[in-house]
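Asker: Start from the sequences, fold in the hints, and give me the full structure.
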Amino acid sequence: MRGRQRRQRRPYWRWTKLQLFTHLLVPGTAILLAPLFFDELNASRILGFPLGYFIAVHGVLLVGVLAVLRFVARQDSVDRWHGVHEEI
Amino acid sequence: MVARSHQGLINPRLGSYLAIFSSALVALVILLLIFSELGTDPYVLRQVMILGPVAIYVLIGMSCYAGETDDYFIASRAIPSFFNGLCGALTTLGGTGLVAIAGSLFLIGYDAFSVGIGLLLGVMVLVSLLVPYLRKYGGQTVPSYLGRRFTSRSVRMLSAILLSIPVMMLIVAELKVGSAIVSMMLGGSAANLVPVGCAIMFTTIAFGGMKGVTWSSCAQGVVVLFALLVPLVVLSTMMTNLPFAQITYGSILTDVARLEAQSGLAARSIDALAINLPGRAPTALDTPFLAAFSNVGTVGFVLLALSVMTGVAALPSILMRAGTVPSVFEARKSMGWVAVIVGLILLSLPAYVVIARHLVLSDLVGVTGGQVPNWVANLQQLGLAAISGDVANGGLRSIEFSRDGALLVLPVAANFPDTVAHLVAAGVIAAIFAAATAHFLAVANMVTDDVILGLSGDSASELARAIVARVVLAVVVTLGGYLVLNVSGDPFRIMLLALSLAGSTGFVILVLSIWWKRLNMVAALVTMMSGFFLAGAYMFLTEQRVIGLIGGIDAIVVAAVVVPVTGVIAGVVSLLTEPPGRQVRDFVRDLRVPGGETVYDRERRMARGRRRRQ
Numbered sequence: 001m002r003g004r005q006r007r008q009r010r011p012y013w014r015w016t017k018l019q020l021f022t023h024l025l026v027p028g029t030a031i032l033l034a035p036l037f038f039d040e041l042n043a044s045r046i047l048g049f050p051l052g053y054f055i056a057v058h059g060v061l062l063v064g065v066l067a068v069l070r071f072v073a074r075q076d077s078v079d080r081w082h083g084v085h086e087e088i
Numbered sequence: 001m002v003a004r005s006h007q008g009l010i011n012p013r014l015g016s017y018l019a020i021f022s023s024a025l026v027a028l029v030i031l032l033l034i035f036s037e038l039g040t041d042p043y044v045l046r047q048v049m050i051l052g053p054v055a056i057y058v059l060i061g062m063s064c065y066a067g068e069t070d071d072y073f074i075a076s077r078a079i080p081s082f083f084n085g086l087c088g089a090l091t092t093l094g095g096t097g098l099v100a101i102a103g104s105l106f107l108i109g110y111d112a113f114s115v116g117i118g119l120l121l122g123v124m125v126l127v128s129l130l131v132p133y134l135r136k137y138g139g140q141t142v143p144s145y146l147g148r149r150f151t152s153r154s155v156r157m158l159s160a161i162l163l164s165i166p167v168m169m170l171i172v173a174e175l176k177v178g179s180a181i182v183s184m185m186l187g188g189s190a191a192n193l194v195p196v197g198c199a200i201m202f203t204t205i206a207f208g209g210m211k212g213v214t215w216s217s218c219a220q221g222v223v224v225l226f227a228l229l230v231p232l233v234v235l236s237t238m239m240t241n242l243p244f245a246q247i248t249y250g251s252i253l254t255d256v257a258r259l260e261a262q263s264g265l266a267a268r269s270i271d272a273l274a275i276n277l278p279g280r281a282p283t284a285l286d287t288p289f290l291a292a293f294s295n296v297g298t299v300g301f302v303l304l305a306l307s308v309m310t311g312v313a314a315l316p317s318i319l320m321r322a323g324t325v326p327s328v329f330e331a332r333k334s335m336g337w338v339a340v341i342v343g344l345i346l347l348s349l350p351a352y353v354v355i356a357r358h359l360v361l362s363d364l365v366g367v368t369g370g371q372v373p374n375w376v377a378n379l380q381q382l383g384l385a386a387i388s389g390d391v392a393n394g395g396l397r398s399i400e401f402s403r404d405g406a407l408l409v410l411p412v413a414a415n416f417p418d419t420v421a422h423l424v425a426a427g428v429i430a431a432i433f434a435a436a437t438a439h440f441l442a443v444a445n446m447v448t449d450d451v452i453l454g455l456s457g458d459s460a461s462e463l464a465r466a467i468v469a470r471v472v473l474a475v476v477v478t479l480g481g482y483l484v485l486n487v488s489g490d491p492f493r494i495m496l497l498a499l500s501l502a503g504s505t506g507f508v509i510l511v512l513s514i515w516w517k518r519l520n521m522v523a524a525l526v527t528m529m530s531g532f533f534l535a536g537a538y539m540f541l542t543e544q545r546v547i548g549l550i551g552g553i554d555a556i557v558v559a560a561v562v563v564p565v566t567g568v569i570a571g572v573v574s575l576l577t578e579p580p581g582r583q584v585r586d587f588v589r590d591l592r593v594p595g596g597e598t599v600y601d602r603e604r605r606m607a608r609g610r611r612r613r614q
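Quick note, the sequences are listed as chains Z and X, same order.
Heads up, the first sequence is in the working numbering, so the first residue is 1 and it goes up one at a time.
Heads up, the second sequence is in the working numbering, so the first residue is 1 and it goes up one at a time.
Hints are computed from structural coordinates only; laboratory data are not their basis.
Quick caveat, the model's predicted, so the values are computed rather than measured.
One or more of the hints may lead you astray.
Chain X regions said to be covered by chain Z (calculated; three or more residues, Cβ under 8 Å) [to be verified]:
id, region
1, 173-184
2, 283-294
3, 592-601
To give a feel for the contact side, a few chain Z residues facing chain X, derived at Cβ under 8 Å [stated by the list, open to error]:
id, residue
4, P11
5, W13
6, F38
7, L51
8, G59
9, W81
No residue lacks a Cβ here, since even glycine has one placed at the ideal position from N, Cα and C.
Answerer: In structure tokens form, the structure reads like this:
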């Protein structure tokens, strides 16, 4: 019983770690580095905003919030797929 | 199937309560507007707007009496994700964060957004690395989780003591801002206001513990969002014909840039590591809003965001919210709500500030020999602006704005009725109330559960726990009040130092305790101690000017340097000492799987069963 459980968990944990890469590392790095291109991008405009500013405020917040929401939904499907979700 | 207790039963009428409170708030504001038109004494109206909501918070807190210790510590795990997220967002941002981020954006422009980015990154780290696993453990405090993970009472006590210190610093910051705002609105000195405020907060927390704090914070969340969005929506409709200033202030921003160029504000270049956030003293607008990296260098910007991120992720006041939701999925969802609400506030603040800058600049720039707009006198009367020269001809540089009052500049400069400015002040007080009560409760619970009761094991009776928890809370609140009156300093700087200290102390072991099974007790102790003392010593020595900055690293970003160092220490020490036993490895494996019973509840049930059999 114990051995079988452990074999089931290994792919689950691999997927969970992949989640970290796609929903924390990639968007996190993007958020952290996007403001550094502020001045270069400000030459163009979008919706009346300078592009660099738009990315550094609206873009950053959008990416961050969407990454969190997407993570919540994806991780729940990963849990269900591997049968480790909660039964309520 | 394990029989479930009453835990996790959610009150179905919560939505109605929230709606009732919101309508009461709207009614109060409209009523006060009517009375101010009728010529009622403005001081009375001001008192009602500031003190009315506070009275409701206290009543909510008192009505949530916690009969059982589960109610007191984890609100019986009956908080739905949205409400938990609302409280979590207020704790993450805090009144100081709200006021000081807005003020710094107003005074130095975009550079201050670094702190906001750090908060958002912190929420991302919390949702993916920590909160679901802490919920699966389900303990009452963060140190009790660490104690169980490393099967060590010394880790538990040490982490409780070390993590209390940054949280106490945050309390000091919150109460300093709070007493300044209240004394500005109602008069009175900090020495009188702080004891009263502490007594009010103690009354709110003591009856219901976590339950009372959560439900009163939900009311505070409504006030904060209302206070921030109402002036913004009204002005945005007036200026751009659309109520969504957050995405339509582009044209206003262009106008602001033009006025700034006209008044001679220019970008400057500074050292990449420098961080010159505005302090407490009134400051004149000096750089254009769009001049990025004129006050915070590029490297400093990234380090500040990282340092705030580690602090938010290791803050016990936010992490203890993990235990209050019914399930692991709800815990993740509540962090989703935190991200949405923090994101909304962070999106609104720049819009709010740009509109405020526009109002100020369009009245002051290019006006020669004219008269000073009358809002300048109003701001000066409130103590929010200082005038150092001839404003009518000297223009912009002769008027200095206080950072912590920048949120009030918009309603005053837009010549709104006074009630709107009072509403904004009430929103700031609500944010401070929410954050300070959460921090007070976090410290008191850590001391109760991990330092005092941790000594006698977990065998203390229900009644003893309830009494000890309230006595410790009283002591913590008194100590907090004492510290506020006797520690001097800039609240925003204290908040950033506290986040940095919390991150240096707790971030590495919290993350690694879940993500690296090999981390053992010795490494946890060494990591925590070295992180705390490296960061603490650097902060103390540089703040007291005993030594200069090493390599130009500001003390508020020291976490960004200390965390990698302690990460290496944790790895090396752990690999050099004995690996943790099979029991710990099984415990971590159990944490990583969301399904199954909450670990803490199962262990407590088994312990009770053992005691009964004896």
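Asker: Output the numbers, in ascending order, of every earlier hint that fails for this structure.
Answerer: Of the numbered hints given earlier, those the structure breaks are 1, 4, 7, 8 and 9, listed in rising order.
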